[in-house]
Structures are given as C-alpha cells and as structure tokens.
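Undergrad: For what it's worth, the numbering used here labels the leading residue of the sequence shown as 1, then goes sequentially.
Among the hints, a few may not be true.
[What the hints assert, rightly or not] Listed next, with one range per pair, are the computed distances between beta-carbon atoms: (1) 47 to 325: 39 to 49 Å; (2) 269 to 436: 13 to 23 Å; (3) 22 to 437: 52 to 62 Å; (4) 254 to 165: 45 to 55 Å; (5) 65 to 436: 56 to 66 Å; (6) 336 to 266: 22 to 32 Å; (7) 116 to 303: 53 to 63 Å.
In short, the hints are calculated from the structure, not lab data. Remember, it's a predicted structure, so these values are computed and weren't measured experimentally. The beta-carbon is built from N, C-alpha and C at its ideal position, and this holds for glycine as well.
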Amino acid sequence: MSESRERPVVIVSNRGPVSYRVDQGELVGMRGAGGLVSGLAPLLESGRASWIAAALSPADRSAVAAGTATPDGLAVRLLSLDPVDQALAYDLISNQTLWFVHHGLFDLTRSPSYTAQWYEAWNAYRRINQEFARAVCESAPDGAAVLIQDYHLTLMAPMLAAERPDLSTVHFHHTPFAGPDMLRVLPPAVRDEMLNSLNAHHACGFHTSDWAGNFSQDLLRWPAGGNDRAESSPAKIFASSLSTDAADLRFTAQSEQCEENLRALEEALGDSQLILRIDRMELSKNILRGFQAYDLLLQQRSDLHGRVVFLACCYPSRENVPEYALYKEQVAAEVALVNARWGTATWQPIQFATDDDYVRSVAALRRYDVLLVNPIRDGLNLVAKEGPLINERSGQLVLSTEAGAWAELGSAALGVNPFDVEETAQMLGVALDRSPQERSTSAAELAQLVAKRTPMDWLQDQLAAAD
Numbered sequence: 001m002s003e004s005r006e007r008p009v010v011i012v013s014n015r016g017p018v019s020y021r022v023d024q025g026e027l028v029g030m031r032g033a034g035g036l037v038s039g040l041a042p043l044l045e046s047g048r049a050s051w052i053a054a055a056l057s058p059a060d061r062s063a064v065a066a067g068t069a070t071p072d073g074l075a076v077r078l079l080s081l082d083p084v085d086q087a088l089a090y091d092l093i094s095n096q097t098l099w100f101v102h103h104g105l106f107d108l109t110r111s112p113s114y115t116a117q118w119y120e121a122w123n124a125y126r127r128i129n130q131e132f133a134r135a136v137c138e139s140a141p142d143g144a145a146v147l148i149q150d151y152h153l154t155l156m157a158p159m160l161a162a163e164r165p166d167l168s169t170v171h172f173h174h175t176p177f178a179g180p181d182m183l184r185v186l187p188p189a190v191r192d193e194m195l196n197s198l199n200a201h202h203a204c205g206f207h208t209s210d211w212a213g214n215f216s217q218d219l220l221r222w223p224a225g226g227n228d229r230a231e232s233s234p235a236k237i238f239a240s241s242l243s244t245d246a247a248d249l250r251f252t253a254q255s256e257q258c259e260e261n262l263r264a265l266e267e268a269l270g271d272s273q274l275i276l277r278i279d280r281m282e283l284s285k286n287i288l289r290g291f292q293a294y295d296l297l298l299q300q301r302s303d304l305h306g307r308v309v310f311l312a313c314c315y316p317s318r319e320n321v322p323e324y325a326l327y328k329e330q331v332a333a334e335v336a337l338v339n340a341r342w343g344t345a346t347w348q349p350i351q352f353a354t355d356d357d358y359v360r361s362v363a364a365l366r367r368y369d370v371l372l373v374n375p376i377r378d379g380l381n382l383v384a385k386e387g388p389l390i391n392e393r394s395g396q397l398v399l400s401t402e403a404g405a406w407a408e409l410g411s412a413a414l415g416v417n418p419f420d421v422e423e424t425a426q427m428l429g430v431a432l433d434r435s436p437q438e439r440s441t442s443a444a445e446l447a448q449l450v451a452k453r454t455p456m457d458w459l460q461d462q463l464a465a466a467d
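Could you build all of it, start to finish, from the sequences and the hints given here?
TA: Structure representation (structure tokens):
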C-alpha cells in the first residue's frame with residue numbers, strides 16, 4: 001500500500017461538511033452536501049481524516065463557543081474567525097476579486113479599482129489564511145497530507161512549510177484559473193504573493209488540463225521570487241476531474257418526494273418538450289444569454305410554440321454584491337419579456353423558479369429533453385454530469401466549450417460558444433429535433449463518459465499528489 005493511502009489526512013476548506021442551526025432554542029448540527037463534501041467525506045467517515053473549516057453563521061459560532069458535538073462524531077473543527085476580517089476576505093477578495101479574475105467577469109472599463117479599503121481586505125485575506133495555517137500546524141499529525149480546497153485559501157503554504165515541514169500539502173482549485181492575460185489585472189505584489197504561495201505547495205490540482213496549463217503559464221510569466229520552497233522544489237501540477245456521487249444522486253432520484261415532484265412536473269408539461277437549466281444566480285453561469293437564445297429560437301421556430309417549455313431553476317447567490325443584484329433584475333426582466341412576447345393563455349414559455357429546491361431539481365433532471373449548461377467559464381460544472389446519470393428521456397446536453405466538463409463530455413454533447421446567442425439558439429433547436437436513435441446514442445455515450453470517474457478517483461489523485 002502506498003504512503004498516500006496510509007498517512008493521516010487533514011482537509012481544509014472555507015465551508016465545511018457540517019453546519020449548525022437553532023431549532024427551538026437548541027443547536028442542531030447538519031451534514032453538508034455538494035460535490036466537495038461528497039468527494040472528501042469518505043476519508044472523514046473512515047476516521048483517517050480531520051477537517052478544518054470556518055464557522056460561517058451565528059449558529060456555527062455559538063456551536064464553537066459551546067463546544068457542541070459534531071454530527072455523527074465527525075472530526076471537524078470550525079474556526080471562529082474575526083468577523084470583520086472574515087467579511088472583508090470573503091466578500092471583497094474571494095467573491096469580488098479572485099472569482100471575477102478567474103472567470104473573466106471584470107468590466108475593465110469600470111472595475112477593478114484598488115483602493116485603501118481593498119488593500120485592507122487583502123491584509124484580512126492574508127490573516128484569515130494565517131489563522132487556517134495556524135490551526136493546521138497545531139492539530140495535524142506528524143507527516144500528514146493536507147488537502148487545501150479552493151481560492152479562499154491560497155496563501156497558506158509558506159507558513160505551513162516554515163512551521164511544519166513534515167507536512168505534505170496539496171492545493172486544489174475548483175474554479176477556472178486565470179492565464180497571464182487575466183491575472184495581470186491583479187496588483188503585481190498581490191499576484192506574485194498568490195502565485196508564489198501556491199507554488200510552495202507540494203502539488204496544485206485543477207479540474208482540467210486547461211486550468212492547470214494556465215497556472216503553468218502564469219509561473220513561467222512571473223517566476224517565483226524569494227520563495228525558497230518554490231524555487232528549489234516547485235509544485236507538481238496535475239489535472240483531476242471531480243465526478244458526481246452517483247449513488248447519492250440516484251438515492252434522491254428514487255425517493256418518494258422526488259416521485260411526487262416528477263408527477264407534478266409531468267402533469268404540468270403534458271406532451272411538451274422540456275429545456276432545463278439548474279444554476280445559482282451567478283454571473284458566470286450566463287443565464288441571460290441562455291434566455292436570449294431561447295427567445296431567438298421561438299422567433300425562428302413558430303412550430304415550437306406551445307410545444308416546448310424552458311424550466312430554469314436559478315437559486316439566489318451573493319445578493320449583497322451589487323453586480324449580482326443587478327444581474328438578477330436583468331434576468332427576471334428577460335423572463336418577463338419572453339413570456340409576454342410569446343406566451344398565450346395556455347402556454348408560458350419560461351417557468352422561472354428562484355427557490356433552492358434540490359429534490360425538484362433532481363426530478364427535473366429525470367425529465368428534461370435538453371439540458372442547457374452554457375457558462376461563460378466554469379471550473380467544472382457538476383450539473384452537466386448529474387443529468388446524464390439519471391435522465392429518463394435520452395436527454396441531450398447543450399454545453400459551453402468553456403465549462404470544465406467539456407473536456408470530458410464534449411464528444412457526446414452539443415458544444416456552444418457561450419457568447420454566441422445565435423449558435424446557442426441553433427443548438428437548442430438541433431437538440432429538440434434529434435431522432436430517437438440519435439438521442440439514445442448520444443445520451444448513452446454521455447452516461448458512459450460520466451460513469452468513468454467517481455469522487456473517490458478525484459480524492460485518490462490528490463492523495464497520490466501528496467507523495
């Protein structure tokens with residue numbers, strides 16, 4: 001058995017696998033969900049790993065103060081961080097700077113603008129990273145593998161290397177990674193600090209070779225300066241795609257609650273074909289252009305009127321960020337415009353759901369005829385993988401070539417340039433018009449491609465990189 005399979009593991013992330021809420025005056029712990037948790041939970045449940053994350057809510061902080069036990073006795077430590085530092089680091093740096101840089105979202109005629117407040121936020125981001133590093137130094141077993149997740153925590157490696165050289169650290173970046181043309185938007189000192197810190201890990205992982213290649217190009221463009229660890233032994237760079245937890249997804253899909261949702265959806269749709277999207281209300285998801293493409297499709301194809309419905313499940317995200325609040329208004333206005341332009345007394349072209357209802361979303365994944373996933377940029381996009389696993393109608397996938405999932409699924413999906421509304425409209429039409437044989441062939445290939453990898457494969461790739 002390899003060393004990576006035997007050594008203890010510490011997982012580090014901003015959002016952890018447990019959270020707390022107050023129910024009738026009592027603190028109640030809840031297990032988390034999502035791709036990251038499903039990918040790493042087996043290690044935690046085995047007792048081999050511990051997990052360090054931030055306390056994100058008042059209930060989380062109360063649980064930390066009270067020493068409340070974690071659900072199922074899991075080895076999870078939540079850090080009660082300085083709330084001002086936490087807000088500055090999360091909002092101004094992680095969400096409004098790094099997310100925008102890596103997804104190419106800045107309108108460079110207006111933003112970013114680096115002010116004294118922004119630099120204070122960067123200092124707060126650095127302090128938060130130091131708090132996480134300190135917690136790892138205090139609690140990690142000798143020789144542990146430390147798996148650090150995502151862009152919230154890019155500055156930990158130098159402190160870990162200085163204080164705990166026995167640890168083997170791996171940083172996995174779940175978003176795209178900006179290449180030199182985009183990364184030059186950051187202040188040079190900030191850019192260099194981030195790159196040097198990441199390069200000081202034993203390994204850095206990304207969902208696709210494209211994102212890994214961007215990181216490599218950045219390091220060539222801006223070589224490490226004054227970073228002994230990065231200069232003497234730079235990080236191994238690897239690509240490893242996370243896959244969906246098929247067993248967990250199918251368990252939900254086969255539940256009675258999901259069956260009830262599916263029956264209600266079938267009753268509402270009748271014989272209509274269903275175009276589906278499931279996203280956070282997120283700028284990078286390109287929701288607005290998706291509706292514009294559907295509008296264009298209905299303009300070009302009167303034969304589809306009354307015969308197709310677009311169900312968009314778009315749950316709220318980052319509503320305190322001005323750009324997101326404006327985008328939400330623009331999306332709602334586009335939905336109203338399309339429904340007013342083409343709708344009738346018996347047909348509403350777009351069904352727009354903004355509440356986060358996971359079981360309803362799973363039911364819709366079973367029923368769609370076309371799944372639209374058209375992000376401007378996406379580190380991976382698990383929805384593109386979830387749909388083919390449980391869809392029951394040989395559903396077609398219209399997929400942005402800028403989604404990380406394209407690298408795996410592109411041979412069986414209908415690819416679109418996310419900025420090309422005309423092409424997206426055409427591909428929606430092609431997907432709706434495909435023959436039963438064409439649909440069956442592509443759907444089967446998609447399911448086979450998704451099934452090639454499991455969350456455990458992704459986890460093992462990180463552990464192997466720690467060697």
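Undergrad: With reference to the structure, classify each hint as holding or not holding.
TA: Verification of the supplied hints:
no., hint, verdict
1, 47 to 325: 39 to 49 Å, "holds (44 Å)"
2, 269 to 436: 13 to 23 Å, "holds (18 Å)"
3, 22 to 437: 52 to 62 Å, "holds (55 Å)"
4, 254 to 165: 45 to 55 Å, "holds (49 Å)"
5, 65 to 436: 56 to 66 Å, "holds (60 Å)"
6, 336 to 266: 22 to 32 Å, "holds (26 Å)"
7, 116 to 303: 53 to 63 Å, "holds (59 Å)"
Hint compliance for this structure: no hint is broken.
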